[in-house]
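Using the hints, build the complex out of the two chains.
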Amino acid sequence: MDNAVLTVLIAMLGGAIRVSTPFMFVALGETLTEKSGRINLGLEGNLVLGAMVAYATSYLTGSPWLGVLAAGMSGLFLGALHGYICKLPKVNDIAVGIAMMSFGTGLAFFFGKPFIQPQAPKLDSIPLGDWTGNPALAQALQVNPLFFVGIFLAVAMSWAFRNTKWGLIVRMTGDSAASAKAMGVSVDLVRFLATAAGGFLAGIGGAFLSLYYPGIWNQGLSSGQGLMAVALVIFARWDPIRAIFAALFFGAAGAIGPALQAVGITSGYYFFNAAPYILTLVIMIISAGSKASARDAPGELSITK
Amino acid sequence: MTVQAADNAVVPVEKTGNLQFLRFAESIAIPVGAIIASALLFAVFLLLIGKDPIQFYALVWTGGFGSSFSIQNSLQRAAPLILTGLAFAIPARIGLTMIGGEGALVLGGFASAAIAIPLVSGGVPPLVTLPVMAATGIITGGLWVGFTGWLKYARGVNETIASLLMSYIAIAIMNFFVEGALRDPASANKPSTMPIGDAYRIGSIPGTDVHWGLAAGIVLAIVLWVLMSRTTFGFAARMTGGNLRAARAQGLPVGWLMVICCMIAGGCAGLAGFFEVAVIHGQANASLVAGYGFTGILVAFLARQNPIAVIPVAILFGALAAAGGVIQRRMDMPDATILVLQGMLFVVLLVSDTLYGRFKIFQVKATGDRT
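Those protein sequence lines, which keep their order, are chains A and B. 39 is the number that the working numbering gives to position 39 of the first sequence; each next residue is one higher, with no gaps. 198 is the number that the working numbering gives to position 198 of the second sequence; each next residue is one higher, with no gaps.
Source of the hints: derived by calculation from the structure; they are not laboratory data. Don't take every hint at face value.
Stated by the list, open to error - Partial list, derived from the structure: chain A residues whose beta carbon lies under 8 Å from chain B:
{"no.": "1", "residue": "L41"}
{"no.": "2", "residue": "W65"}
{"no.": "3", "residue": "T105"}
{"no.": "4", "residue": "L107"}
{"no.": "5", "residue": "N218"}
{"no.": "6", "residue": "G224"}
{"no.": "7", "residue": "A231"}
{"no.": "8", "residue": "Y270"}
{"no.": "9", "residue": "A274"}
{"no.": "10", "residue": "Y277"}
{"no.": "11", "residue": "I285"}
{"no.": "12", "residue": "A288"}
Beta carbons are placed, not taken as given, at the ideal position from N, Cα and C, and that holds for glycine.
Excised from the complex, chain B in its bound form (with noise of 0.2 Å):
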């Protein structure tokens, strides 16, 4: 195990804030680094195949934040990301890597969309319906990646592999009801539960396009941040991440920390997949499984785990699916284009990991001994 100088030295009080500031400045400066190193590798792939990387670049601005429709639809497509950039900071603070958020947002808003089957055609109120939706796909997907992170905690199980495992089967859950007993007979091409009709879909903040997923989204991020960084459950949670023996030797409840975290996490998924529901697509189909969950991954790695930070990371995402459907047409390219860009910023970012305290400009200069 390699220390790096600046953990090892002795840092008199007063350099403390400044240890701070460099150690943020090095954590925004590095993921900026791995973009611009990312955007500059992937033109060269464009080269190589025959495409105009600064047409590529420009039409990314401009599907994402070119005009007040673009920027309207990057965030529209934010908001379920910030969600499932959330779904996998928390349980990464504590130290696992839970890659199951798709399945937790899929099962969350079949779930949600499932149970406004008989509320709707019962004639309840949306104002009632709305919430019951809202929870139910919070605690489907609480639950789903809670269990994950039980079989973690209990029989030790990978939970990289096992939360990933879920997701296929969560899938499979839901194509299992959708093309089956809750399919509805009008939707002959396309399997999908009943519409839960106009009058129960969720408009826009007003005066604007944007849904009310990214209120929640941001809201969220925000309360997450504080439960992590300013509340003792945070910091123990915090602490079982950076040494789980030191942890447990403390007699923290790591197990139901742990538990809780992975609940956090599907509540935040399967809040996404109720948004889906609600304001997309009006019903559950396999329109759900759009790949958020993955997005969200990488939209969780560029913010450092951070919850603040997944908020402006999402929205660089968002922008980048929002352009994704014109440079499709504009520059006849597959709309894979965005997957291979995103791997590559993901591989990139992963290796700029090394750089972390090599550089001088980001350390304290040591005064005291050193131990």
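Pulled out of the complex, with its shape left as it was, chain A reads as follows (with noise of 0.2 Å):
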């Protein structure tokens, strides 16, 4: 019992390294978006084709660290788009979220078609765990380059929302755009900015899910992933680092159903695939409503009003 038990926690621990990261990602790019004051939605769209470009330019140029840079650029080009109709007058950026949503994941579906039983080369992995001589601790610390690349981007985001110019400025926009204007600074300007950037992020964090885990492309691929992560943003309060310990306590969370799974518990699987959700939605309800969250929350946000 306790070998089943060491088992699963084994697993959930490597479940939330693997699992975390397109949540991390997504997840640090929608606070940069949301901390100039405008909210993107639409970051699921942009991972699932983010996902399928940097399978198909793995595929087709034989590097995958080409996919992911592809990757970044094509949610660049939907985030820059958000960026850009949200700035004019008297558009609504909720359903502009929703409609880069559906034309996301429209385009990735059209030109994904052939790349769905093709392989293509995938994203290696550094190896952590051999030292401790447990075949599945070393399997579960097969870490992949991108997740150490999340947490230095969320401490560097962090440092220069602080510490730097340009992070004043972009918080000052998302607090006040009145004082940011007094300043003159051109708030459509940083929130174009900090939208096509955050669409970026995203799109990488694709790339790792078609790349790396689970490693192929297909329809069914992301499942609300980008828009729990978009979720996960207020429960983490607009925080980079707290937006890491919540892609992290997520994807345990995602990996408790294929973890039980292993050991042979197969009763509840279909509970355990909509866990997230309900722990998404759980999240929400705590976090909605709370002094601090007010507190933290940028005060241009339509989110939150």
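Written out as structure tokens, the structure reads:
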């Protein structure tokens, strides 16, 4: 019995590391966008399109890292489009997010059809657990470099928000467009850049899905992970470091189902499939209306009003 | 906040009729313009990937409206879209962006198929069974979306994200039962609930191949239009959507209005699920997850959240869906082609929102003082 518990725990650890990475990238991208005072609900579209573009690029060029870059560029494209449209007067950014979600997934399914069958070269991982001598642990500690890139980005973003001029400009635009204007900052330009850059990061999250874990491309690859990551940002109260912990927590929760299945507990499999969504909803219910959340929210953000 | 000149101007009484007409004309001209613009944009897209846009639009026409068969096919597919369009439009009037129609459709359809199992095996006649199924679908969908509306009101949970999460949960619940406790052992490849049997299937409107779901959708659209435009309830709901704080200050029961609008929306989607089960599939399975809920969002946007306008727009999208199969076969294009077209249309349509009030021909010339 202890053995089974250990197996599940190790699988959850490995799952947390593997599953969390796309959440991390999308959540970091959304944090940047929302810090500037705009919301992009459409990052699910960036994630799916990024996954497809990464897979196709890796298959056609043989270089998975080129795929990661291409995925980022596709995300940049969607993000820039979102950013451009939202600065037009009378346009509702929530609705544009929904539209970008359907546009991004539509493009991905359309161009991705020929790539469902072929095998594309995957990203390699760094074996960090070989010294343990425990094969299960060693497998759980196969960590993809993008995981570290994500953590580095979070630390860098957190530092930059506090200590750089650019960070200050983004925060000011998000908290009070009027004061940003008074300082001579172009609110539209800052939000456009923040949305485009956020889209870039979400695209990279997609590359992780198709090139590492689960490491395939098909139309069911992402079922709402981009959306959950957006919800996560509220839970993490717009803090990049907290977003990393939230992503890890989500990864672990998402790994419960497959981990239990690995030790032979198959009943309730579909319940565990629903677990991440239920967890997200519960977290939203808890974090909505909390005083801390209201205090930390960027003042210009429509989602918290 | 920028306010249009026409809103601000003091318009003489005899000109208000004119103003209403111009507003109406504007609200038709701009979406139609958006359709044309996105059709052109999609034509460019087709040219870029080496397909013939003229052939494409010719196939959309013949596949959607070309023969009496294709017209009936289009109407058939329009039926669930009217209902899911309403499921987005009604909460939108009260200011909520609810995108959970897909989940309410799936869960409503599943619940109606599930309650049919004991009734059918118990030999209860169809005339009793079908209304019970329909009511179950409506109530399940209504409670499902109503709960999201309540979360918004009581806890301030963002309803757009929450409603989409609820959709994923709804699909997982259906899969849980369909692949487990309620699985028909005979459904080997595609786990499904027990079929309700041909005797319990709803037939077509006499003289056509179009099922009663279309009639139900049209009647419901008219009823909801009356409710939202000609009753105190509708006025209160629209006032809440227009200015929440003013509505609160007036002492309107804002929370109840929100929850009721959401329940109406969920009921519409649940009814669509019932018709999918009772007409098309005869049982609940993964085929219920067909994207009608998501297309309904676009339908509602194009109809500018007007329940009556949802009807023609839904028929347009029904035709597009009906033509999808022909386009796939004749032009060797993936089934996601329609998704790309819809996505483009959605984006262009939202961009066109910025045009309201910009065209001089739709503005009344103000004669009085501006305030």
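Taking the closest Cβ pair, is A/A288 under 8 Å from chain B? Since the shortest Cβ distance to chain B is 4 Å, the answer is holds.
Report holds or violated for the interface hint on A/G224, using the least CB-CB distance to chain B and a cut-off of 8 Å. holds (5 Å)
Hint check: is the beta carbon of A/N218 less than 8 Å from a beta carbon of chain B? At about 12 Å, which exceeds the 8 Å cut-off, the nearest Cβ of chain B leaves the hint on A/N218 violated.
A/Y277 as an interface hint toward chain B, with CB separation required under 8 Å: holds (4 Å)
Min Cβ distance, A/L41 to chain B: is it shorter than 8 Å? Nearest chain B Cβ about 6 Å off; hint holds.
Double-check A/A231 for me: the hint is only fine if its C-beta lies closer than 8 Å to a C-beta in chain B. holds (5 Å)
Given A/W65 as an interface hint, is the shortest Cβ-Cβ distance to chain B below 8 Å? Since chain B brings no Cβ nearer than about 27 Å to A/W65, farther than 8 Å, the hint is violated.
Is the interface hint for A/T105 satisfied, with its Cβ closer than 8 Å to some Cβ of chain B? Result: holds, 7 Å to nearest chain B Cβ.
Interface hint compliance - A/L107 to chain B, C-beta minimum distance less than 8 Å: With a closest approach of 6 Å, the A/L107 hint holds.
Given hint A/A274 near chain B, where the shortest CB pair must fall under 8 Å: Since the shortest Cβ distance to chain B is 3 Å, the answer is holds.
The hint names A/I285 as touching chain B; please verify it with the least Cβ-Cβ distance against 8 Å. Given a least distance of 5 Å, the restraint on A/I285 holds.
Would the hint on A/Y270 stand, with a C-beta cut-off of 8 Å toward chain B? It holds, given that the least Cβ distance between A/Y270 and chain B is near 4 Å, below 8 Å.
Checked against the numbered hints given earlier, this structure breaks hints 2 and 5; the rest are met.
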